[in-house]
Every structure is written in structure tokens, then in C-alpha cells.
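Engineer: Use these hints to put chain A onto chain C, whose structure you have.
Chains as they are written, first to last, in the working numbering: chain C, 1 to 112; chain A, 1 to 114.
Honestly, I wouldn't trust all of these hints.
Label pairs and their calculated CB-CB ranges [claimed, not checked]:
id : chain 1 : residue 1 : chain 2 : residue 2 : range
1  : A       : Glu59     : C       : Glu107    : 19 to 27 Å
2  : C       : Ala17     : A       : Gln17     : 44 to 52 Å
3  : C       : Arg16     : A       : Gly51     : 41 to 49 Å
4  : C       : Gln104    : A       : Ser69     : 33 to 41 Å
5  : C       : Gln104    : A       : Gly63     : 32 to 40 Å
If the Cβ cut is set under 8 Å, some of the chain C residues that face chain A in the computed set are [unchecked claim]:
id : residue
6  : Ser28
7  : Tyr32
8  : Ser41
9  : Gly43
10 : Pro44
11 : Tyr46
12 : His49
13 : Tyr87
14 : Lys99
15 : Leu100
16 : Phe102
17 : Gly103
18 : Gln104
19 : Gly105
These are calculated hints, taken from the structure and not from any lab test.
Every residue gets a Cβ at the ideal spot worked out from N, C-alpha and C, and that includes glycine.
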Amino acid sequence: DAKTTQPTSMDCAEGRAANLPCNHSTISGNEYVYWYRQIHSQGPQYIIHGLKNNETNEMASLIITEDRKSSTLILPHATLRDTAVYYCIVRVGGNQGGKLIFGQGTELSVKP
Amino acid sequence: NAGVTQTPKFQVLKTGQSMTLQCAQDMNHEYMSWYRQDPGMGLRLIHYSVGAGITDQGEVPNGYNVSRSTTEDFPLRLLSAAPSQTSVYFCASSGQGWGNQPQHFGDGTRLSIL
Numbered sequence: 001d002a003k004t005t006q007p008t009s010m011d012c013a014e015g016r017a018a019n020l021p022c023n024h025s026t027i028s029g030n031e032y033v034y035w036y037r038q039i040h041s042q043g044p045q046y047i048i049h050g051l052k053n054n055e056t057n058e059m060a061s062l063i064i065t066e067d068r069k070s071s072t073l074i075l076p077h078a079t080l081r082d083t084a085v086y087y088c089i090v091r092v093g094g095n096q097g098g099k100l101i102f103g104q105g106t107e108l109s110v111k112p
Numbered sequence: 001n002a003g004v005t006q007t008p009k010f011q012v013l014k015t016g017q018s019m020t021l022q023c024a025q026d027m028n029h030e031y032m033s034w035y036r037q038d039p040g041m042g043l044r045l046i047h048y049s050v051g052a053g054i055t056d057q058g059e060v061p062n063g064y065n066v067s068r069s070t071t072e073d074f075p076l077r078l079l080s081a082a083p084s085q086t087s088v089y090f091c092a093s094s095g096q097g098w099g100n101q102p103q104h105f106g107d108g109t110r111l112s113i114l
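Next up, chain C with everything else stripped away, as it sits in the complex (with noise of 0.2 Å):
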């Protein structure tokens, strides 16, 4: 089973940023937090992951509470072409872990 809770969907006006949650309030000292979308039934997409800091690319921020049991997903500017099933993951990291157990995700609504 997921060891994550999200919301089903949420709503995010264009230009505005997509905050999205996560709880994971089980999650283990060496599991890595990840974020993944699906748009339409294309193959998954990495956005981001991190351990217990906060982590920022060139898509996303990922904010970890300092308690590791919750974090957010901020997209800052959100677009059209960003709408898409959010996957929020745990995953054991180094050589011992692997396995993405996907729950059923956020699915984003982009609107004009």
C-alpha cells in the first residue's frame, strides 16, 4: 500500500502557484520523499524529490516539514500545460531501495 495521503483534486488559477500537499506520516529516517505527474496517460515525470531539506529545480520547490511527516509540492507559476495527476511517493534511498509504490494521486486543474 501508498505510503502517502493526498487530496483527489484540487483547482489552481493559471499564473497563480499550485500548492500541493502530502502526508507521509509514517515515513522511515532513510526513505526519500518524490514527486512524479502524469498528463493525460503518458509515462510519469520526475519533478522532485528530497530527504529533509528543502529542494527547489527549475520545476518545482518541495517543502519538507521538519518532522518529515508532511510536505508540499509548489509549482510557483502555474500554466495550462500543467495540468496532471500529481503522484507524491516515498522510497527507501540507496542501493536497498527502488520500488515507487504509487497511491492515487492529486489530479491538478489548471484553469484559465
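Structural biologist: Leaving out everything else, chain A in the frame of chain C:
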């Protein structure tokens, strides 16, 4: 750089037929895996491999076989197709230290079993 390549993109089979879904990656990745995605659901792990000659089962392995003879290729075999195996199949790969390396996904194979 092709990344992860899956073939075929679409396939229709009759119940009881066999086939092999191909997956190849050109990134010299050790870790490869197969997922299936049914309508309205997230991806479920079928089988995975941490290197040539090493494979293991995921969440839903029944009805599928895999082998890993080279680093580049990780084929998925359906020995006797069943309608319940109608799904979209995704292959993915990760580099060394795969738990903290992103997985790269192919574009999928859409399989229908009649």
C-alpha cells in the same frame, strides 16, 4: 539520447496468446522495473531488476515473467494472455544508488486482450 524505449506502443491479443513487451534504456542504468496502470488507478509494480541476472517480484507479478540478460534490456513476457491483463504497461530505469535517483519512464505500451 533516447532514454527508455518501449515497443510496441499498441498491441491487441487474443486470450491465451503470448507476447513479449520490450524495454530498452541507453543510460547504463542498473535498476529497471515494469509497472501496469489500469484506468483511474496509479501504477502498480510488476517486476523489477537491480542488475543483469537479478530480478524480483513487485506487487502484482502473477501472469508475467521477466529476465535481465543485459544491462540495457528488460523484457516482460505474458505467457498466456488473459483479459485481466488489459492495461497500459510502463517500463522505468534508475542509475546507481537507485533509491535516491529519479526513475525515468518510457511512453508505455497499451495492451488489449480480447
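Engineer: Provide an ascending list of the numbers of those earlier hints which the structure does not satisfy.
Structural biologist: Those not satisfied are hints 5, 6.
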